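Use the sequences and the hints to build the structure in full.
Number of protein chains: 2
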Amino acid sequence: MAQQFAIGVDYGTNSARALVVDIANGAEIAADVYDYRRGDAGVLLDSSDPNLARQSPADYIEGFLTAVAGAVAKARETAGFDPQRVVGIGVDTTGSTPIPVNAEGAALALLDEFKDDLAAQAWLWKDHTAHREAEEITRKARDGEYPYLAKCGGAYSSEWYWSKIAHCMRTAPHVARAAGAWVELADYVPAYVTGNFHPSKLARGICGAGHKAMYHEEWGGLPSAEFLESIEPGLSRFRFETKAVPSNHQAGLLCAEIAEQVGLPAGIPVAVGAFDAHMGAVGSGCGEGTLVKIMGTSTCDCMVAPLSKRLPDVPGLCGIVPESIIPGMYGLEAGQSAVGDIFNWFVKRLTPGEFGTGAEAHAKLTDAAAKLRPGESGLVALDWNNGNRTILTDPLLTGLLIGQTLHTTAPEVYRALVEATAFGALTIINRMEEYGVHVAEVIVCGGIAEKNPLVMQIYADVCKRPMKISRSGQTCALGAAIFGAVAAGAYQTVEAAQANMTGVKSTVYEPIAANVAVYSKLYGVYKTLHDAFGTTGFHGSLAGVMKELVAIRHDVRRGAK
Amino acid sequence: MAQQFAIGVDYGTNSARALVVDIANGAEIAADVYDYRRGDAGVLLDSSDPNLARQSPADYIEGFLTAVAGAVAKARETAGFDPQRVVGIGVDTTGSTPIPVNAEGAALALLDEFKDDLAAQAWLWKDHTAHREAEEITRKARDGEYPYLAKCGGAYSSEWYWSKIAHCMRTAPHVARAAGAWVELADYVPAYVTGNFHPSKLARGICGAGHKAMYHEEWGGLPSAEFLESIEPGLSRFRFETKAVPSNHQAGLLCAEIAEQVGLPAGIPVAVGAFDAHMGAVGSGCGEGTLVKIMGTSTCDCMVAPLSKRLPDVPGLCGIVPESIIPGMYGLEAGQSAVGDIFNWFVKRLTPGEFGTGAEAHAKLTDAAAKLRPGESGLVALDWNNGNRTILTDPLLTGLLIGQTLHTTAPEVYRALVEATAFGALTIINRMEEYGVHVAEVIVCGGIAEKNPLVMQIYADVCKRPMKISRSGQTCALGAAIFGAVAAGAYQTVEAAQANMTGVKSTVYEPIAANVAVYSKLYGVYKTLHDAFGTTGFHGSLAGVMKELVAIRHDVRRGAK
Chain D
1 MAQQFAIGVD YGTNSARALV VDIANGAEIA ADVYDYRRGD AGVLLDSSDP NLARQSPADY
61 IEGFLTAVAG AVAKARETAG FDPQRVVGIG VDTTGSTPIP VNAEGAALAL LDEFKDDLAA
121 QAWLWKDHTA HREAEEITRK ARDGEYPYLA KCGGAYSSEW YWSKIAHCMR TAPHVARAAG
181 AWVELADYVP AYVTGNFHPS KLARGICGAG HKAMYHEEWG GLPSAEFLES IEPGLSRFRF
241 ETKAVPSNHQ AGLLCAEIAE QVGLPAGIPV AVGAFDAHMG AVGSGCGEGT LVKIMGTSTC
301 DCMVAPLSKR LPDVPGLCGI VPESIIPGMY GLEAGQSAVG DIFNWFVKRL TPGEFGTGAE
361 AHAKLTDAAA KLRPGESGLV ALDWNNGNRT ILTDPLLTGL LIGQTLHTTA PEVYRALVEA
421 TAFGALTIIN RMEEYGVHVA EVIVCGGIAE KNPLVMQIYA DVCKRPMKIS RSGQTCALGA
481 AIFGAVAAGA YQTVEAAQAN MTGVKSTVYE PIAANVAVYS KLYGVYKTLH DAFGTTGFHG
541 SLAGVMKELV AIRHDVRRGA K
Chain V
1 MAQQFAIGVD YGTNSARALV VDIANGAEIA ADVYDYRRGD AGVLLDSSDP NLARQSPADY
61 IEGFLTAVAG AVAKARETAG FDPQRVVGIG VDTTGSTPIP VNAEGAALAL LDEFKDDLAA
121 QAWLWKDHTA HREAEEITRK ARDGEYPYLA KCGGAYSSEW YWSKIAHCMR TAPHVARAAG
181 AWVELADYVP AYVTGNFHPS KLARGICGAG HKAMYHEEWG GLPSAEFLES IEPGLSRFRF
241 ETKAVPSNHQ AGLLCAEIAE QVGLPAGIPV AVGAFDAHMG AVGSGCGEGT LVKIMGTSTC
301 DCMVAPLSKR LPDVPGLCGI VPESIIPGMY GLEAGQSAVG DIFNWFVKRL TPGEFGTGAE
361 AHAKLTDAAA KLRPGESGLV ALDWNNGNRT ILTDPLLTGL LIGQTLHTTA PEVYRALVEA
421 TAFGALTIIN RMEEYGVHVA EVIVCGGIAE KNPLVMQIYA DVCKRPMKIS RSGQTCALGA
481 AIFGAVAAGA YQTVEAAQAN MTGVKSTVYE PIAANVAVYS KLYGVYKTLH DAFGTTGFHG
541 SLAGVMKELV AIRHDVRRGA K
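Chains D and V supply the protein sequences, listed in that same order.
Counting from 1, one number per residue, gives the positions in the first sequence under our numbering.
Counting from 1, one number per residue, gives the positions in the second sequence under our numbering.
Mixed in with the good hints there might be a few duds.
If several chains are the same, the list does not tell them apart, and a pair holds so long as it fits within one copy or across any two.
[What the hints assert, rightly or not] As a list, the in silico DMTMM-like pairs of lysine to aspartate or glutamate whose alpha-carbon atoms are at most 20 angstroms apart:
| id | residue 1 | residue 2 |
| --- | --- | --- |
| 1 | LYS451 | GLU260 |
| 2 | LYS364 | GLU113 |
| 3 | LYS547 | ASP531 |
| 4 | LYS371 | GLU510 |
| 5 | LYS348 | ASP394 |
| 6 | LYS364 | GLU354 |
| 7 | LYS74 | ASP32 |
Rather than coming from a laboratory, the hints here were simulated on the basis of the structure.
What you are looking at is a predicted structure, and each value in this text was computed from that prediction instead of being measured.
Spelled out as structure tokens, the structure:
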């Protein structure tokens with residue numbers, strides 16, 4: 001049989017990437033990247049408000065045209081590639097990144113009237129201008145005993161769909177009035193390139209709707225008009241009646257105008273879009289029993305469990321949405337608000353000159369930290385420098401370091417911070433297991449996983465599970481390509497596509513028994529601090545905490561002689 | 001009346017200093033320093049045991065001869081000085097630094113047989129080889145319901161007299177057998193230079209006996225033979241029957257042989273010795289209502305209260321000994337295990353290269369920290385990197401830092417560490433006041449006080465009291481000279497001598513009301529953490545701690561706009 005290909009298009013915060021993949025084996029034939037041209041590396045800022053982060057939809061459109069065309073052109077240099085053999089296209093994006101469109105589905109920002117209006121642009125995921133609206137939604141949902149927060153960890157975020165729309169209505173009512181709908185970026189791109197952008201025809205992905213817009217079949221889709229009106233009169237106008245669907249569905253077929261510009265035939269099926277982390281999880285090999293951690297400045301943890309399990313609500317998880325990752329499965333999303341960001345903070349702010357700066361400092365600190373044994377420093381940290389996303393869903397929590405003496409060194413603190421993020425990871429795994437989702441192994445993707453064996457070994461030892469590394473370095477785009485292939489019918493299921501198209505590297509980090517034993521004790525200390533500072537239900541004593549760390553330190557050092 | 005002079009001789013850890021003082025006004029006429037010649041800057045070490053720290057008595061003798069002769073020679077260059085007008089000599093030393101002597105009072109270490117035997121040397125205050133014996137003494141005193149720990153904070157230390165003697169009996173029995181007595185360095189020097197070194201004639205100072213050997217009139221002097229025998233059979237042989245006396249008593253008169261070598265007439269009264277911090281407190285102006293903090297790598301806090309007050313035992317205070325500082329007054333000793341040491345640790349271990357190193361880094365961090373307002377960083381630390389001496393008397397406690405974000409800077413942490421030591425200082429003051437000892441003002445002496453206005457202002461704001469700086473830079477030697485004058489009868493009382501001979505600098509750090517208000521909130525957080533991690537009686541919730549710091553930070557930053 002002749003080779004067949006799928007194209008994945010991945011929209012990050014600063015660029016769009018297109019990847020051409022051989023659907024028989026996942027071989028990545030060609031890729032191209034478009035760096036957004038507007039604003040500060042693609043982000044439109046407002047110097048008077050550090051919470052504001054917007055993006056121009058023009059960058060999204062140019063991104064598709066440029067990156068896909070570039071990738072296709074490069075693929076043509078590969079024997080066996082032919083644009084006629086591209087069977088499907090998938091799209092993943094950041095989110096929640098809602099875009100106001102007019103009654104016909106055109107982005108307001110692309111109309112002359114609104115082109116310089118920040119409120120009319122895409123509201124990038126990390127825009128936090130709507131924090132008051134988020135608090136209000138959370139409070140009113142709780143006070144009114146609405147069920148809507150049950151699937152998103154009990155708190156609605158300023159980063160999400162309804163917060164942003166309500167904030168726009170309050171602060172830029174002219175934009176809100178002109179809007180006929182608000183469309184997640186993940187839905188906007190497939191709609192645009194298939195021509196199905198009229199709100200009545202536009203496909204809404206379950207990933208965006210379920211994780212960010214409180215959409216759930218349990219309460220018949222979106223939150224009730226009554227509830228939305230209680231937040232802001234008129235907000236219910238932005239409810240959509242469409243049934244949200246997973247990404248094995250087609251958003252439509254590549255329209256002729258776009259196809260011509262990117263060097264593809266018209267009519268290629270385009271999958272319904274989803275968020276980058278979710279498609280990245282699929283591209284990494286996420287499946288029953290296999291948690292995927294996308295580890296960067298923060299982490300996003302994705303997990304699935306069969307719908308037949310009828311999962312209860314899991315307190316503190318960012319989201320539990322049927323079919324948001326893999327059709328037929330619950331999609332579970334968790335996350336750590338800061339991982340690489342904590343290591344970077346320590347390197348930038350508290351690392352002595354002898355270790356150098358930047359990447360050199362990371363390398364030297366890692367080398368020195370690798371020579372330490374678990375427990376030897378007597379330190380434990382909480383990984384909350386940027387709050388806690390899962391399982392405490394509390395952005396106001398802060399960091400903590402305990403156990404320092406007059407001899408504590410920078411590599412010891414660095415290692416304690418790595419360990420803290422690993423303890424945070426275990427806390428998420430434990431929470432999933434407590435609610436019936438078994439986690440047998442972890443696949444990590446992202447730069448840290450590939451570059452830092454120490455981090456991976458610590459995670460294996462702390463989490464007591466093998467840590468594997470995704471084979472692809474472009475798992476989001478690969479995942480999008482998988483959905484392109486599945487939506488096109490080249491594979492019957494996502495799992496079948498994953499079996500052929502994904503894999504892990506040969507290096508697997510297995511837990512080392514001696515380390516597991518020590519980390520088990522240190523995790524006890526972490527969990528005590530976690531509960532004491534992060535929950536209201538803790539009534540134990542902390543009098544023994546420092547002593548226990550000293551005792552562990554003593555045992556480890558004595559054992560080493 | 002012709003000028004009169006007293007000489008103070010101050011034995012530190014690495015050197016001995018002699019100071020010639022005009023007793024009419026405290027003017028410091030001449031000084032000379034002898035750096036100890038043996039071991040590592042005077043400290044004899046054992047590479048196989050980091051707890052061991054000994055000193056050669058030969059350095060003490062040479063120290064007296066060299067430094068006093070040097071100071072007298074220099075003083076001769078001053079108009080009005082005449083060795084005949086030296087009315088008295090006082091001596092202060094480190095402690096507890098016990099020295100084994102033979103039945104005639106000769107230091108074993110000066111005998112050929114023992115000259116290379118580490119166990120026969122002076123057991124320097126910071127020798128911790130006897131930690132097991134200290135634990136045993138504490139346990140047996142508690143279990144047997146003996147009263148002996150009541151005046152020393154409830155725990156006996158490895159640094160102290162009986163721990164060290166018992167440890168010597170167990171590990172170097174040949175030395176213990178050869179010893180006829182053990183003599184505190186503070187008693188050894190006056191005995192040696194007056195010729196009154198035979199154990200039957202040797203004067204024992206109340207300062208050393210009361211603070212380190214559990215001597216108290218309430219139980220008739222030293223602990224009972226029965227108790228000491230229960231620690232180690234034979235230990236009671238080292239009880240002395242002499243009544244311990246304060247330093248307004250004479251240990252004897254300068255003997256001719258020594259006098260000749262130092263250029264003084266024989267027969268000058270030599271005061272009974274005491275510890276450096278206690279005489280330093282007197283030299284700084286310690287008195288009723290005035291706490292003296294001797295601030296260096298750690299701090300020693302000295303306070304007095306009239307005997308007529310009949311003070312109860314104060315839990316956690318290192319010592320409460322009648323007349324150990326000023327005759328007629330209780331002497332109260334407290335301390336912080338690490339102050340400058342914590343700042344130095346941070347500079348050495350966790351300060352980025354942009355701030356330089358060493359003194360430059362301290363200066364730059366201080367400058368940057370001085371630009372911050374109280375509460376602005378959202379950080380609070382516990383000052384326990386070297387344990388907590390007062391009021392928790394727990395060497396196994398460790399440091400803690402809370403409130404860090406991804407933006408926390410090195411100057412913010414540095415300031416938090418300074419504030420932590422100030423909170424520790426306030427905790428000591430509060431404990432004294434709770435037990436009836438009023439603290440109206442604080443006089444600080446030591447390098448940090450003179451060099452770092454930021455530290456002083458923070459202490460004033462946190463402690464809500466004026467912070468003054470001792471006028472003299474050599475307060476210990478000055479205090480010793482004061483006792484030399486008093487023991488000689490040149491002044492009737494220590495207070496009268498202090499009135500003429502001590503003073504403070506003109507710069508006084510007054511509390512700033514706005515800072516006091518914020519620090520009062522931050523101290524609440526510190527105290528919560530202090531009680532939660534340092535005591536067994538805490539059953540409150542810590543769930544609000546991080547939020548409170550964020551709220552304080554928010555208020556301060558908003559108020560600044």
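Hints, one by one, checked against the model:
1. LYS451 <-> GLU260: neither (40 angstroms within a copy, 74 angstroms between copies)
2. LYS364 <-> GLU113: Answer is neither; intra-copy 54 angstroms and inter-copy 52 angstroms both fail.
3. LYS547 <-> ASP531: both (18 angstroms within a copy, 15 angstroms between copies)
4. LYS371 <-> GLU510: within (18 angstroms within a copy, 49 angstroms between copies)
5. LYS348 <-> ASP394: neither (25 angstroms within a copy, 34 angstroms between copies)
6. LYS364 <-> GLU354: So LYS364 and GLU354 pass the 20 angstroms test inside a copy (9 angstroms) and across (18 angstroms) alike.
7. LYS74 <-> ASP32: Classified as within; 8 angstroms inside a copy, 83 angstroms across copies.
Of the numbered hints given earlier, the model fails hints 1, 2, 5; all others are met.
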